[in-house]
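K.L.:
Next come the chains, spelled out residue by residue.
Protein chains: 2
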Amino acid sequence: MEDFNDFRKQSLPLIEKEMEDFINEYTANEQLKNAMMYSIRAGGKRFRPLLVLATICSFNKKPQVHDYQVGAALEMIHTYSLIHDDLPAMDDDDLRRGKPTNHKVFGEAHAILAGDGLLTAAFQLLAISQIQQEQKVLLIQLLSKAAGTQGMVAGQAGDLQGENQLLSLTELADIHEKKTGALIEFALLAGGILAQQPDEVVDLLGVFARHLGLAFQIKDDLLDATSSEEELGKQVGRDEALNKSTYPGLLGLDGAKKALEEQLIFGTQTLEKIKQISSEFYIELLQELVEQLRLG
Amino acid sequence: MEDFNDFRKQSLPLIEKEMEDFINEYTANEQLKNAMMYSIRAGGKRFRPLLVLATICSFNKKPQVHDYQVGAALEMIHTYSLIHDDLPAMDDDDLRRGKPTNHKVFGEAHAILAGDGLLTAAFQLLAISQIQQEQKVLLIQLLSKAAGTQGMVAGQAGDLQGENQLLSLTELADIHEKKTGALIEFALLAGGILAQQPDEVVDLLGVFARHLGLAFQIKDDLLDATSSEEELGKQVGRDEALNKSTYPGLLGLDGAKKALEEQLIFGTQTLEKIKQISSEFYIELLQELVEQLRLG
Chain A
322 MEDFNDFRKQ SLPLIEKEME DFINEYTANE QLKNAMMYSI RAGGKRFRPL LVLATICSFN
382 KKPQVHDYQV GAALEMIHTY SLIHDDLPAM DDDDLRRGKP TNHKVFGEAH AILAGDGLLT
442 AAFQLLAISQ IQQEQKVLLI QLLSKAAGTQ GMVAGQAGDL QGENQLLSLT ELADIHEKKT
502 GALIEFALLA GGILAQQPDE VVDLLGVFAR HLGLAFQIKD DLLDATSSEE ELGKQVGRDE
562 ALNKSTYPGL LGLDGAKKAL EEQLIFGTQT LEKIKQISSE FYIELLQELV EQLRLG
Chain B
322 MEDFNDFRKQ SLPLIEKEME DFINEYTANE QLKNAMMYSI RAGGKRFRPL LVLATICSFN
382 KKPQVHDYQV GAALEMIHTY SLIHDDLPAM DDDDLRRGKP TNHKVFGEAH AILAGDGLLT
442 AAFQLLAISQ IQQEQKVLLI QLLSKAAGTQ GMVAGQAGDL QGENQLLSLT ELADIHEKKT
502 GALIEFALLA GGILAQQPDE VVDLLGVFAR HLGLAFQIKD DLLDATSSEE ELGKQVGRDE
562 ALNKSTYPGL LGLDGAKKAL EEQLIFGTQT LEKIKQISSE FYIELLQELV EQLRLG
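Chains as they are written, first to last, in our numbering: chain A, 322 to 617; chain B, 322 to 617.
To be clear, the hints were calculated from the coordinates, so they are not data collected in a lab. Take the hints with a grain of salt, since some may be wrong.
Per the computed footprint, the stretches of chain B lying under chain A, defined by three or more beta-carbons under 8 Å from a beta-carbon of chain A, are [to be verified]: (1) 344-356; (2) 404-413; (3) 436-444; (4) 457-468; (5) 478-484.
Partial list, computed: chain A residues near chain B (C-beta under 10 Å) [stated by the list, open to error]: (6) Lys354; (7) His405; (8) Gly428; (9) Ala432; (10) Thr441; (11) Leu460; (12) Lys466; (13) Met473; (14) Gly527.
Here are a few chain A residues that face chain B, going by a calculated C-beta distance under 10 Å [as the list claims (entries may be wrong)]: (15) Glu351; (16) Ala448; (17) Glu455.
The beta carbon of each residue, even a glycine, is placed where N, CA and C say it ideally should be.
Okay, chain A solo, but in the shape it has when bound:
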């Protein structure tokens, strides 16, 4: 089994191929296609699809085309949410991953449509994929739950409503669990399902995902509060400018760093539990992801 950097290098082109092939083949309007492709090609860490594939590989399975398609569908959902989040009526961001945001290049109307298109495309890609029928329906169900009104969209609404308010830690955690946690949880669940794991293991992957998701968000808040624009490739200090509650804001910088560390420890403990159940489970790949969330 390779290390995470090798794994990433091998997986990224295959995930990106599935996204680009779909958009090229299934978009019946050139300007719409360009707008969708622009944000898909704007890069990013591809954290969510890599999680799907890392989970599959952790159970010693070789990913198939349909596994990359699940990763691609998930990244399309994530990308649509960034396009809509950046709109003037939402977070009003000009810069994303070091490049002008979608609406700055294509205009607001096409940015809205590019988001709508990518969201719908994610379900179309899953529906036409070669995933076994029963798993396919389950994955569509889980993805729509994670991305929709019980997950990401609800979290985004809560996030907007939380501006200019002091939230409790519980409220903040609830918003993040929905806004960013739900898709990360889907990634781990999907990986476990596609690797044909029993419910007990899939459930533990969900627990791991929730620790990882929370850690991811705390780190994101910490970076927004402490980095420069060059380091992040996007505008910084946005949370403060928008008067948003954040972990560093509620816990202080040191408290937030401690909370991050705690989630990473819980994450590792959960991986060790999975290892106890499933002897074929290779812990190192996901553990490396935990390490990458440690502050440098």
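Given the coordinates of chain A, work out where chain B should sit on it, guided by the hints.
P.N.:
Chain B alone, transformed into the frame defined by chain A:
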């Protein structure tokens, strides 16, 4: 078999129940729920879900809960598209079905999210419904195709790009086929599939849908050009104000009326072909819909 008004009266509450139950049960943010419910409850003709159910009934099947859920999912997609279409960056409409548009009541950010939520909810509702597995996957595939980058979203992009341009009749028909035709086609295909009809019949239902969809659009253009705001319950003369190509614009009022009549005749002829293949087919219900598209 009842006539269309009876059919509508019986079906509407059941379609609306499925939409409202879903939103009530599966929306984890109150303000988001209110915004989604507002547009769902704003009424409208429920033309698309009624088409699904009328098709099922035309083959002498009694609709089940899952059939109403397919209708509900389709109407949620239609409703999301209206919310996003009305946004200031798109058509910038203040009035829809005689009421303030979603963003006028809930603000732009929540209107964008209400649309995203309804779109995602449509796929979630299909995924959790009791439809038989193989049909479910097929319906999700057809709905994502009709609503997405090969259908409605592409049509909406084409429509925006066509503003301030003189389009040919072919270009105009292509835009409408995607923007409004694709969902209408889905309605008929879904009805045929849910009524367990053979491919040959489902294909003819698709042909019928394309005539109906075109007729629907020509009539919509004619009403926008000739009605008052009170009659329509929405702003009129918008096409002209936005400098959009329309059927009356390209063909003149008389030409557009003739084109509408032609599509209705083709529609009836297609229904008669279906009757020749399938003796159990009850032509009158769908024929009444054709009649309702006739100009008064």
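K.L.:
Does each hint fit the structure? Answer for all of them.
P.N.:
Right, here's what the structure says about each hint:
1. 344-356: With 8 residues close enough to chain A, the hint holds.
2. 404-413: holds (count 4)
3. 436-444: Since 7 is at least three, the answer is holds.
4. 457-468: Three-residue rule met by the segment 457-468 of chain B, so holds; n is 7.
5. 478-484: As far as the segment 478-484 of chain B goes, the hint holds, because 4 residues have Cβ atoms under 8 Å from chain A.
6. Lys354: holds (8 Å)
7. His405: holds (6 Å)
8. Gly428: Interface hint status for Gly428 of chain A: holds (8 Å vs cutoff 10 Å).
9. Ala432: holds (8 Å)
10. Thr441: At 3 Å from the nearest chain B Cβ, Thr441 of chain A passes the 10 Å test, so the hint holds.
11. Leu460: holds (9 Å)
12. Lys466: With a closest approach of 6 Å, the Lys466 of chain A hint holds.
13. Met473: Met473 of chain A check passes; min Cβ-Cβ to chain B is 8 Å, inside 10 Å.
14. Gly527: This interface hint is violated because 17 Å lies over the 10 Å limit.
15. Glu351: holds (9 Å)
16. Ala448: Result: holds, 4 Å to nearest chain B Cβ.
17. Glu455: holds (7 Å)
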